[in-house]
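K.L.:
Each chain, written out:
2 protein chains.
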Amino acid sequence: MNRSENDPLFVSFLAGSIGQWKIDRISTVIGEGLEAAERLRVIEGSQVPDTTNSGWLLLGSTSNTRYSTRAEVDEMKAKQASLGREETTRAALIPIRKSAAWWELAQDERRAIFEDHSRHISIGVEYVPAIARRLHHCRELRGPFDFLTWFEYAPQYADVFEKLVHRLRATKEWDYVDREVDIRLSRR
Amino acid sequence: MNRSENDPLFVSFLAGSIGQWKIDRISTVIGEGLEAAERLRVIEGSQVPDTTNSGWLLLGSTSNTRYSTRAEVDEMKAKQASLGREETTRAALIPIRKSAAWWELAQDERRAIFEDHSRHISIGVEYVPAIARRLHHCRELRGPFDFLTWFEYAPQYADVFEKLVHRLRATKEWDYVDREVDIRLSRR
Chain V
3 MNRSENDPLF VSFLAGSIGQ WKIDRISTVI GEGLEAAERL RVIEGSQVPD
53 TTNSGWLLLG STSNTRYSTR AEVDEMKAKQ ASLGREETTR AALIPIRKSA
103 AWWELAQDER RAIFEDHSRH ISIGVEYVPA IARRLHHCRE LRGPFDFLTW
153 FEYAPQYADV FEKLVHRLRA TKEWDYVDRE VDIRLSRR
Chain A
3 MNRSENDPLF VSFLAGSIGQ WKIDRISTVI GEGLEAAERL RVIEGSQVPD
53 TTNSGWLLLG STSNTRYSTR AEVDEMKAKQ ASLGREETTR AALIPIRKSA
103 AWWELAQDER RAIFEDHSRH ISIGVEYVPA IARRLHHCRE LRGPFDFLTW
153 FEYAPQYADV FEKLVHRLRA TKEWDYVDRE VDIRLSRR
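Just so you know, the protein sequences line up as chains V and A, in that order. Heads up: the first sequence begins at 3 in our numbering, then just goes up one per residue. Heads up: the second sequence begins at 3 in our numbering, then just goes up one per residue.
Worth flagging that the hints you see were computed from the coordinates, not collected in a lab. Treat each hint with caution, since some may be false.
It does not matter which identical chain is used: a pair holds within one copy or between any two.
[To be verified] EDC-like, lysine to aspartate or glutamate: derived pairs with alpha carbons at most 20 Å apart:
1) K79 x E111
2) K81 x E106
3) K79 x E106
4) K24 x E88
No experiment lies behind these values; they were computed from the predicted model shown.
Start from the sequences and build out the full structure, keeping to the hints where you can.
P.N.:
Here's what the structure looks like:
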């Protein structure tokens, strides 16, 4: 069977002493933090890496969109930037968990908070292609977080990225975030 | 941290020679089938069982609702029956996979097919509490299916259950199902 571009992609984020990304800092935004580490390996594919002598391991999977309408998907696709561009030497990995109150909401209630009130999709679209992004789901993977979002950008967009993060954290949606860690990375 | 009733519950379905459920038949509806086996173990919890000398193993996780509105959630909750009632000695496990074309749809397009055209939620509600049901997601668990639905009912509702299954298979939503196996079970 051929893989579709929309098939889930399994990704492992492994902290330790090796990896293509240097960890510049790990900040705890809310809830429990994550231990310090020197470097991060980002491994695509369903083989979970050997964690001997490593630090924390976070697993996630890309998936279908959960809230976006066709018009929103098309707008994002038209502007979207791919990961791994030569100039994007900065990255952020932001694992978040949402509260039980969020998950007890019905689909229409979550969509209303996510987009009608918080403009999560609209805000994100403003920042592409400068900020490339990939969302990984992990609520069903028995890990400590619900989502791992990976961002990449060139150094000249560092301030722009701060603005994006602060705008999202100021939304009504973020009232439902009960654990968030902000990991900043760079590569040569 | 306290578990919420909406926290994902991980469930393993293991075919083999032991288990609380006798497998009465396994029918292939579309796509590749599953091997015959005598019995099925249904194991709740995140420990994946030992599969030595066993048949196929399917893993899934309950999750938040993906399409239901608050009104639909409340209607289902008001009528919903729990699993494991003494009189529900018949069960069905129906693993399905949906096509790439389905997963390429945006959220609003999937909702339109799922409920506006196919009345998936409305049809399901008609049959509770006679037919109790639990949906397990597995699209992000790297298995061969996207969903594992488990149904339980008393023997006198066997014909009613057939009607439910046939109505769902006749919907527009089912045009997007490219693999489906229907496993019928009973217990004393």
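K.L.:
If a hint holds in the structure, say so; if it doesn't, say that too.
P.N.:
Structure-based check of all given hints:
1. K79 x E111: Result: close only across copies, 16 Å inter versus 25 Å intra.
2. K81 x E106: This pair counts as between: shortest inter-copy Cα distance 18 Å, intra-copy 33 Å.
3. K79 x E106: Between copies only: 12 Å across, 30 Å inside.
4. K24 x E88: Classified as within; 16 Å inside a copy, 57 Å across copies.
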